[in-house]
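A.B. asks: Listed here are the chains, written in short residue letters.
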Amino acid sequence: MKILKTQNLVWLLGLIPPVLFLLWWDHQAKQGGTNAHIYVSLAQIVGALRETFSSGELTGAYAASITRAFSGLFIGGILGTTVGALMGLFKPVEWALQPIYNSFRQVPILGWLPLIGLWFGSGDGSKLIIVALSAFYPTVLFTFEGLKQADTSLLDVSRVYRLTPWQSFWKVRWPAALLSIFTGLFQALAFTWISTIGVELLFASGFGLGSLMQSAQLQARLDIVVVCVLFVGLTGILLNTLIRQLSQRLLAWRSVRT
Amino acid sequence: MDYVSPATLTASTKPTGSLTLKGIRKQFQFKDRELKVLSGFDLNINPGEFVSIVGPSGCGKSTLLRLIAGLDDSYEGVITLDGQRVAGTSLERGLVFQDHRLFPWMTLEQNVALALTNRPLSKAAKAKLVAEHIALVGLKGFEKAWPHQLSGGMAQRAAIARALVNEPKVLLLDEPFGALDALTRVHLQTELQRIWLSSGATMIMITHDVEEAIYLGDRVVVMQANPGRIVHTVDVGLSHPRDRASPVLHRLKDEILAELTNPPVEASSVVPLRKDQDQ
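Protein chains in written order, with numbering that gives the first Met the number 0: chain A, 0 to 257; chain B, 0 to 278.
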């Protein structure tokens, strides 16, 4: 009981800096000094939230971004796991694909934007390619490595108990790889959200939180920009929590700190 | 003291588990150099006997155990179990490694059951064997625990249960307690002696620990390195279960330690230490 109380207190401590920050922000906005135009008051932000929400702009943009992120994760994740598994299980595939994979991986995701923009335009298709790519890289890597790093000492055990190659795959190599595959997917989930916002900011046409932010900035609507930033951040936190919960459930056998 | 009745576990009706090693030679190729790991290793082990093998690092003890287990088939010489030549791994020969090697994604129960994967037994019969052997090593109540939740000693008990659940004729132990703290080790030695007495299996244990070798072994095989060979065999000649404080054990320990810490000697020039104990 006492511990619970202390934890509550600790959580409250974490609220102090953001509250101080908001107070300082609001104070700056009300000063009317030389920089006043780069701050908006809390009241304005709440107003912008109400405005964009009731006009459907915010929800529409949010839905578009989330859909983009998860479609990208789905496409990139499936392709990535498949390619990674083929590379991990079959040597010739590994030899054929490893060099090109490694060189492509050196280019930051957003570095592909100009090329993809030229080839496919700046529509939703191009955005989806970028987002899917950001999920593809980590899933290939982690699936491949997970299947490669089969623990020889555990394979010895499977020989001692005369497991067939098939049993040995399902009981040793696959579960060992699964941990790695999940790690890759979780990383992909975080990457897709970041790249979704990034690609929407840079290919500003169409819907999405990034696009909304971009057009608000052009109209000097700082209050709407702040609302978007808040939603991007909150979603990031939500996704992180989701990932942590999922991995604790799916990988209970790991020595995770709970 | 909730020992499982040995009746369900013993194979004492027929004298099986007699192991013969004849002229075992094994070498590794190191670039242009040939490294002799074992040179002409001969040993006969009686059914139900406990043989300890001690020797310095690099004397080929662990290699020897891998050969008997059937994990490595490239050697010269002949290994037979009850007259049958050993080839490949077999459920008749269990193996306990120095590290427990439990599968981290399986519970203790599933890990022990893994050893029964390819035994033609009913589900119920398998579950019964698993439960019996978990109880045998004193882990009742931990069936659903993950390996990371077990202490080092408990994990090693689980590994012993997994190796014994097939009721192998021979159990090979490769420094099973080497990674454990001193107190846990002493405790598990006593436990292993109890398990050995109740299972009736032949056991061969590799160890660095001379005291452990003498406490558990009917015979202690002392090896030397470069090339790996037997320098002599000591009959302990005390009945089980044993008293750690026995003066005989202490005298033997001092003698073997002196032998192992002396500068290496030629195999041919070594005179058996305890002729009077040979039968």
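Treat the hints with caution; some may be incorrect.
Within a straight-line C-alpha distance of at most 30 Å, the following computed DSSO-like cross-link-like pairs (lysine-lysine) qualify [as the list claims (entries may be wrong)]: (1) A:K147 to B:K21; (2) B:K21 to B:K35; (3) B:K30 to A:K90; (4) B:K252 to B:K35; (5) A:K90 to A:K29; (6) B:K21 to B:K252.
Just so you know, these hints were derived from the structure itself, not from any lab.
A.B. asks: Please list, smallest to largest, the hint numbers that this structure does not respect.
C.D. replies: 1 and 5
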